Amino acid sequence: MNKIIEFQDVSKSFGSLQVLENLNMHVNSGEKLALIGPSGSGKTTILRILMTLEKIDGGVVKVDGDYLWHQKIGDKLEPASEKHLHKMRKNICMVFQQFNLFPHLTVLNNIVQPQILIKGVDKVDASNKAEELLALVGLEGKESHYPHQLSGGQQQRVAIARALAMDPKIMLFDEVTSALDPELVEEVLSVLRQLAENTNTTMLTVTHEMNFARDFADRVLFFEHGRIIESGPPDIMFTNPKESRTRDFLKNFIGGI
Amino acid sequence: MNEVLTYSPILIEGTITSITLTIASAILALLVSFIVGLARFSRLRSVRWSAVVYLEFFRGTSAIVQMFFMYYVLPLLGVNFSPIMAGILACGLNVGAYGSEIVRGAVQSVGRPQHEAAISLNYTSYQRFLYVLIPQAIPMMVPTFGNLLIELLKLTAVASLITISDLTFMAQIIRAQTALTLEPFLVILIIYFCISSVLIAITNYIGRKVSKGRDTIQAGGD
Chain H
1 MNKIIEFQDV
11 SKSFGSLQVL
21 ENLNMHVNSG
31 EKLALIGPSG
41 SGKTTILRIL
51 MTLEKIDGGV
61 VKVDGDYLWH
71 QKIGDKLEPA
81 SEKHLHKMRK
91 NICMVFQQFN
101 LFPHLTVLNN
111 IVQPQILIKG
121 VDKVDASNKA
131 EELLALVGLE
141 GKESHYPHQL
151 SGGQQQRVAI
161 ARALAMDPKI
171 MLFDEVTSAL
181 DPELVEEVLS
191 VLRQLAENTN
201 TTMLTVTHEM
211 NFARDFADRV
221 LFFEHGRIIE
231 SGPPDIMFTN
241 PKESRTRDFL
251 KNFIGGI
Chain E
1 MNEVLTYSPI
11 LIEGTITSIT
21 LTIASAILAL
31 LVSFIVGLAR
41 FSRLRSVRWS
51 AVVYLEFFRG
61 TSAIVQMFFM
71 YYVLPLLGVN
81 FSPIMAGILA
91 CGLNVGAYGS
101 EIVRGAVQSV
111 GRPQHEAAIS
121 LNYTSYQRFL
131 YVLIPQAIPM
141 MVPTFGNLLI
151 ELLKLTAVAS
161 LITISDLTFM
171 AQIIRAQTAL
181 TLEPFLVILI
191 IYFCISSVLI
201 AITNYIGRKV
211 SKGRDTIQAG
221 GD
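Those sequence lines, one after another, are chains H and E.
Residue 1 is where the first sequence starts when you use my numbering, and the numbers rise one by one after that.
Residue 1 is where the second sequence starts when you use my numbering, and the numbers rise one by one after that.
It should be emphasised that the hints constitute simulated quantities derived from the structure, not laboratory data.
Wrong hints could be hidden among the right ones.
[Stated by the list, open to error] Heads up, simulated DSS-like pairs for lysine-lysine below, C-alpha to C-alpha not over 27 Å straight-line:
#: 1; chain 1: H; residue 1: K55; chain 2: H; residue 2: K142
#: 2; chain 1: H; residue 1: K119; chain 2: H; residue 2: K142
#: 3; chain 1: H; residue 1: K129; chain 2: H; residue 2: K119
#: 4; chain 1: H; residue 1: K142; chain 2: E; residue 2: K209
#: 5; chain 1: H; residue 1: K142; chain 2: H; residue 2: K123
#: 6; chain 1: E; residue 1: K209; chain 2: H; residue 2: K123
All figures in this text were calculated on a predicted structure; none of them were measured in a lab.
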């Protein structure tokens, strides 16, 4: 199996707080991965490192065989230049907890503009693709709305469509339902389930929705204090975890599983 | 009062000069505001540093002295400006320094999440500013720029000190020729007030225009 993401001895601190400690992990191409664990365990930091939003302090990260935060100059590994990061980002896109749609653009233009600017697609093709994707996430007819005119769940589905329009090889979902009212969570999760079923895109999701993690993921990683405590297929992780700490954490969700 | 009104041709001329001076300096100030304000975000330390030096110099010294410098000192160094040119430069460069802080503050207040969304879509830093941050910052800048425009109009009154025949200059002439003091200054006070009322109305109009369709821009996106 082709490893599309590799973390080798990765460390990351915020001030004196060590968030990741010599982390080693990999993700196979096309794999759907769920990262679970208590708040502050470093799950989101992993996504942010992959999206080049947080630098790493030690170790290396490889994406698609190439160094993410470094570039090889001669035999030496140097910190990545902005140009290298720009090249590496081509394959990765992230969906945020707070949606982060562009409030000054209509729904359609939120999806069209990045295609034109970054992928060089012409306007007609970009609009067609945007409309197709809006239909996919169940938002036909909302093209000319502004983000603030939509519910949180609708905004998040637009954000998912916007990310899909970039055709990334890797999609990162950072607690995408945490900012939503409970009754809006399901509409977003069902879109993600559908995506996980039907695409070969590698997907990493950080989530507190255990039912969703179970349906979505091929593999679940349980994190605590910046370390992987246990990992495995969801059937085993949720029914018969080996580690007592995993069991303790999942106990809080027992009603929901 | 009638006596003052017989001078209305030169009052009109002065009004036109004051308005011209205000508009020309405003255009210069707007350009300077964006150039210096955005330079503060440069990746190059030298560019950021130059912008700060510019800001602190023009903000930290008197506008009148800057104007005298342009008109009386620079010719000694071989640089000659017409009075109106010196007035435009001094007002524009001075107000531009304050304006750069408006631009910097507004762009900064757009916030990290928008910046990160643009990074995640692989926008270059240039595209992030041009297509994401600046368009959202502009509606926030307009009211503050409106205030600054009024300040600028009032600052142009100082230009009479470098022999520009603006409104204030004309009032001095009328005073000298008629020995009236209250009337000419009362008249120009009213004219200044009328001009600034128009400027406020224009800014309000622009303010409504640029924020159209995105009235809850702050609460909407993130």
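Results of checking the hints against the structure:
1. Straight-line distance between C-alpha atoms of H/K55 and H/K142 comes to about 37 Å, which puts the hinted pair past the 27 Å bound.
2. At roughly 24 Å between alpha-carbon atoms, H/K119 and H/K142 fall within 27 Å of each other, so this suggested pair holds.
3. Restraint check for H/K129 and H/K119: satisfied, since their Cα atoms lie roughly 13 Å apart, inside the 27 Å limit.
4. The hinted pair formed by H/K142 and E/K209 meets the criterion: a straight-line CA distance of about 23 Å does not exceed 27 Å.
5. Restraint check for H/K142 and H/K123: the C-alpha separation of about 18 Å stays at or below 27 Å, so the hint holds.
6. Between E/K209 and H/K123 the CA atoms are separated by roughly 26 Å; this keeps the pair inside 27 Å, and the hint holds.
Of the numbered hints listed earlier, the single one contradicted by the structure is hint 1.
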